[in-house]
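Given these sequences and hints, build the entire structure.
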Amino acid sequence: MKGLGFTALAASIFLTGATAEETFTVTHTKYITPACFEQQFRTALDGNPESLTTGIPVVFRYANEGEDDQPEKFVSTEYLTHTKCSQKICFTSMETKQYTKTVSPTAKAQSEQVDTAKTTGNTITEKSIIQAASTATANSKAKSKGRSILYVYDTATNNNDVDETVTGAVRTTTKTIFKATETPEVIYKPSTSIETITQTMRDPLVTASSKSKELTRTIEESSITAGATISAVAKVPAANLSSNSTNAVFNSSLASTTSTIDLRISSTLLTVAPTNRAAAVSYGNSSTASSSIISAYSNLLSSAVSSASLVASASSSGLSSSALSSSGSPSSASSASSASSSSARKVKAAANGAYSGDLFKAIASDEPPSIFPRKELPLSIPQGVSNDNVPYETNKFFVNLFLGEQTDMIWSYPYGMYWKKTDYYGFAVQHTNKTNRVFGSSDTNNKGVDSYYFNPILDGELIFSATSLTKDANKLTVSNMKSMSALVQLSEDGDVSSNYIDIPVVQGMGFVSAIYHGDFVAELNSMVGFDQVTQETSSKLSSNVLKYRVKLFNGIEWLAYVTLPNGSTSDFKLSAKSSYSIEGSKAVDGLLLQIAVAPTSSSDEKYYDQAAGQYAVSASVEGQVSSGSSVSYSFKYETEGSSSSGKTIVFALPHHLDSLTGVTKQSSTGIQLTSTTKGDMTAFLTNELSFSETLTSSQVSFLPWTSQMTSALSYTKDQLQLLAKTANSELSVDINNAVNSVDSTYSSGKVLDKYAYILLVVSDIIGDDDVAKDTLAQLKDAFEVFTSNKQYYPFMYDTKFGGVTSTAAQNGDTGADFGAPYYNDHHFHYGYYVHAAAVVGYVDKKYGGTWAEDNKEWVNSLVRDVANPSEDDKYFPVSRMFDWFAGHSWASGLFSSGDGRNEESSSEDYNFAYGMKMWGNVIGDGAMEARGDLMISIMSKAMNKYFYYTDDNTVEPKEIIANKVSGIFFDNKVAYTTYFGSPSDHPEYVHGIHMLPITPVSSIIRGPTFVEQEWDQQISTFIDNVNSGWTGILKLNQALYDPKSSYEFFSSSDWSSSYLDDGQSRTWSLAFSGGVSNSI
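Residue numbering for the sequence shown is -20 to -1, 1 to 1060, as defined by mature numbering (1 follows the signal peptide of the UniProt record, and there is no 0).
Rather than coming from a laboratory, the hints here were simulated on the basis of the structure. Some hints could be false.
Taking lysine to any residue pairs in the SDA-like style, the calculated list, with each CA pair at most 25 Å apart, reads [what the hints assert, rightly or not]:
1) Lys531 / Ser565
2) Lys531 / Thr172
3) Lys531 / Thr517
4) Lys566 / Ser581
5) Lys414 / Pro545
Since we're looking at a predicted model, the values are computed, not measured.
Here it is, written out as structure tokens:
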């Protein structure tokens, strides 16, 4: 050997700062002696740090001089290091493989495609170094295939053998089967007209008819002579108590000196030492644990420790028993608790440990109470739509398929789909290209800032069809509708027993898949048109899979995979009959056709190759909770077919990435596709997305709390006196009359919950038992109107769709009761009732009552309607409102929309989850409570990416960030407005609808950073012009970052009741802002 032949080959170099991929070909051959080989190697990539590549695969080959440089055998050793990074996910792997190939130059070139390096700044997203050493010389060529420069050898090595030894490299062949002879002068453009938002809904503020009522008992303000601190000095474990377990009781006081409720825990006793007259306060049971300090929330005490006793000890406070007893005669003011005693009260508190187990076990499986009459909603279900006696999902991503003309789009993320009935016939598919987004501004308070954006719709990039489908022979069937999936079928006449196409639609699916049955011949159409179609092979494909690349006239490339069923002949092929139609060569029963947008880097196609042949048909959510605060859950995809990897491709949304487990992260491909309104999605080669969550809201209970609190909840004497005065005033009404004087389910629920919050303040902060009992009795009376189904719009059980809903539309008025009969806003409405029931049940338990148990079936029916967790419950759909994949609920019910599902009031979304959590706590349903906590945790992530915009938000387009909130959030559109008024006239509407009501859970979602930015950049610019019930909502929201200013407003001497609607009380506003302001 006299010298070495040396060739350096560059492929797809990505330059720092470049905006597009640039391809450079650098070929240099130089003969060198073995002695200088090492030096030549070191200087081949001169200037680069050790182990850093520029994306240039370097191939070294040995050749003997004088033999025409034609090697006969090629021994290759490959070292492949892959580092894939996508947002917060990085995965690195290394492979070392060696194989031998015999080179025989022929006219047909088989190429070996090697991974290239992409660099952006100093971050390498994928790197591959291939070093090869040969024992002979060869005449070799470099050929360009698509977007890469490929080093080409013809080889006699069996492909299967290579696949077994070289799993990191992908070998392809390409054959052009169609090339358009000319480009159309006009390429199809999708619809970019904005769907008008009709503002016909009523303002959500409530005006109730309040009938004055003279109170038999009032809180004696003069008896409050000192402040109070509610402190937690130890972590309080919770117990899973049954609904009839003994209530733990401890004594608080209207103190003459500062009263401290001290939760010091020993193995035997929990001692609470008031310093003066005591008002007995009992605490309901809790079924989830908190691993953090809890501000003495009432419901946690009963489960504090195993066999714990709560002792009110006169000796511990240094007071005589007579000083603790009730004094004075009965009067119009209650000066002490009727439950106080001269002796210590000891009550055993059972504690079985915080709930651990199945998160999604059924709440109940029996039919709803008979108090709900059985009726059918007057809405027709189209022919061909059925669900095999399973309740219909009324609010999921696919409902447009059985509403209206059934031709509005649906979005499974990342793909959009619709039934095509004109010009082309079949099921159309499109993807989102952020460069095609339409931005605009209309009726906004933010001049120069876009108030909306949306994506073009009805853009049938590819359309699944069959050669026999025509205008008159194109029937749609929809079935198997579940919480995350549905089955679409196409046939000539609606008969899906012989000739038909199955198209399962599943959230997150990476392929859109069509399975052809009977004599249907596969056809793939395009409204954009086909520029070029090529057939390719890949070493990653299963042997029965055909791969095609479809390039459209708009420059977008799609991958199409045909999987032939076992036993079928192998002579099937796709061919183009025009620039707008590709069809199969014959009918193949069971043929699978899958499509996906080609990834930006051709090297990433190997993941699609490995997944081809396997497809998702449905998905479900499963999960376990441990000790009430740690949750593991997953989206499990049921798949059919098979692939070379045994996996399919699924995409995850940005908020998913925050919680993925390490195992799932390792399956990341790095492939990204843009979603319509939720940023870039990331692809995973997996059949399961697994998540882990710590339930931060498990520390939240009934009483005021924000994430800023650094000390115990406390109140000064003056604050308590003002609370007492305000509560006396606001309770001087007939509560039953106020609740039932309004004409909607929504409004009644808000008024009911308003008085439930006042009850909490009187019971647990002021500590007056007598007034609390009177208020409790009034709330029970108000509730009885609903539990006996005698309210303005009674409820019914809808036997057609499966749900407890309003009867307001039985006369045909679909907009009555805020659209609630058609399952619009159920979580908004029912959340107020469920939370109010939790408060009433909790306070009632303190006094030995059984209201929660007596009314559990009625309240549970509302929870089951909105958030049934299990298919074991045959009377309600699973998770009607909350979309576990999207990370929030969809409000719109059985109303079709060109931009898909939508939600306006994000805050009333998590208010339902909070009410459900607390109701689960009261009745001892640990799974329900933990599930509510998990929903809150997920919404905290999702809403702060999609609904609430801090200055550093990178998920939503920069053009709308200055608005700070989304307004109405659709599947395909974000519109900074409301259904009841525009921000140009009333900016308080669009911001306030994402605030109300302010509760202890609000701060989990609306963090202080966001609230402050929204206040400084938006609220402060218009609040001085607001003089309505929205004023109180905006100012209580201020307490989430500046509680002192908020309290100053609500405690002001020139206070006006016009600042509140009848769904918000000044009592709660003072208790929330005042208590929090003292605790940060």
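Taking the hints in turn, this is what the structure says about them:
Under the criterion of a C-alpha separation no larger than 25 Å, the hint pairing lysine 531 with serine 565 is consistent with the structure, at around 20 Å. The hinted pair formed by lysine 531 and threonine 172 meets the criterion: a straight-line CA distance of about 23 Å does not exceed 25 Å. Of the pairs offered as hints, the one joining lysine 531 and threonine 517 holds, with about 17 Å between alpha carbons and a cut-off of 25 Å not exceeded. This hinted pair does not check out: lysine 566 and serine 581 have alpha carbons roughly 33 Å apart, beyond 25 Å.
Restraint check for lysine 414 and proline 545: the C-alpha separation of about 37 Å exceeds 25 Å, so the hint is violated.
Checked against the numbered hints listed earlier, the structure breaks hints 4 and 5; every other hint is satisfied.
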